Amino acid sequence: MILLTMFLEFFKVGLFAIGGGLATIPFLQELANKYNWYTSQELVDMIAVSESTPGPIGINMATYVGYKVGGIPGVVTAVTGIVMPSVIVIILIAHFYSRFNEKPLVKSAFYGLRPAVTGLIAAAGFEVARISLLNIEKFFEKYNVLDLINIKSLILFAVILFLTNKYKKHPIVYLVFAAIIGIVFKF
Amino acid sequence: MQELWQLFIIFCRIGGFTFGGGYAMLPIIQREIVEKRNWASDQEILDYYAIGQTTPGIIAVNTATFIGYKRKGIIGAITATAGMVFPSMVIITLIAAFFTQFKDYQIVKHAFAGIRVAVVVLILNAVIKMWKNSVKDWIGIVIFCATFVIAAFTQISPIIVIIISAIAGIFINIRKVEAK
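Heads up: the sequence lines are chains A and B, in that order. The letter at position 78 of the first sequence is residue 78 when you use our numbering, and the numbering goes up by one with no holes. The letter at position 114 of the second sequence is residue 1114 when you use our numbering, and the numbering goes up by one with no holes.
Just chain A, with the same shape it has in the complex (with noise of 0.2 Å):
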């Protein structure tokens, strides 16, 4: 039954994330919210495995999701089910071999398309940076605002920003960069 649950989940994140891996997150994490099938943390340490590892980052956290809620069969599931929209409206522009992207009517709706999506994977970023930047519970602890911040998380924050902007590395190595002195400084 969760396996059915989870296929039709994956077959709308296909459906609906549209402009490439990145744009699964918004779904990802309205699924978190939706089921108990893993936190929102956990996503976003879905999200680090899956920019490190080969192949397209969206199948990539399909996998991960899938066998965590399912094991094997779960990740058969959930990789069918992202991947099912696509190889349907695929197989039939092709067939069709329309030049489906110069369509007025396709154009004009990316004209609202590809701003919402960027909305949409910004507010995904800013709920990353909530779990990895601030300290909530630390917070309703004793409601110290100082407590909320985590300067440690900050400091990296910025020296990665940095880094990032000013050599254009591969994503791994910052990743790798940071679990290093995530470890050194005790994170």
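There's no promise every hint is true.
To be verified - Examples of chain A residues lying across from chain B (beta carbon under 7 Å, computed): (1) G14; (2) F16; (3) V44; (4) P56; (5) I59; (6) V89; (7) V106; (8) G112; (9) R114; (10) A123; (11) F126; (12) S153.
Since the hints were derived computationally from the structure, they do not count as laboratory data. These numbers were taken from a predicted model, which means no experiment stands behind them. For glycine and all other residues, C-beta sits at the position ideal for the given N, C-alpha and C.
Go by the hints and put chain B onto chain A.
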């Protein structure tokens, strides 16, 4: 049969050796499909990519489906897609199995607390890059801000946001596009 096997293997190789998906895969797809096998032209690959961006799903997977269909019809489309996702499924399953065993170790916890900070930066950089390509005028700014507020502070599903923004785009822009 032999060509189906080839489709599977080639897309396995593409899926298994490129980090990052999407545009990171474009050069290797061009080398494997255009230069080595002449299964499609450079222009066709770019067309597939453009279509892949405007259809649901993952761009790299969409391109695999397209090429598979062109070679061997529906069976080819499914085979190429399966090839593209197979390495991810194996690698990530191994990592997930490994990670669930070790995630409670203190050292792993510290490492991931650091890694999560880096993820914030990666997403921020991606959003800045997307903003430059997608927000072209004040209407774009309004749509961006509206979706950000809705997604960050309400329980409204991103599916609703996607549908409404597509309809809004059509209403606002269709005359301008048709006039061109």
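key: In rising order, the numbers of the hints this structure does not comply with   = none
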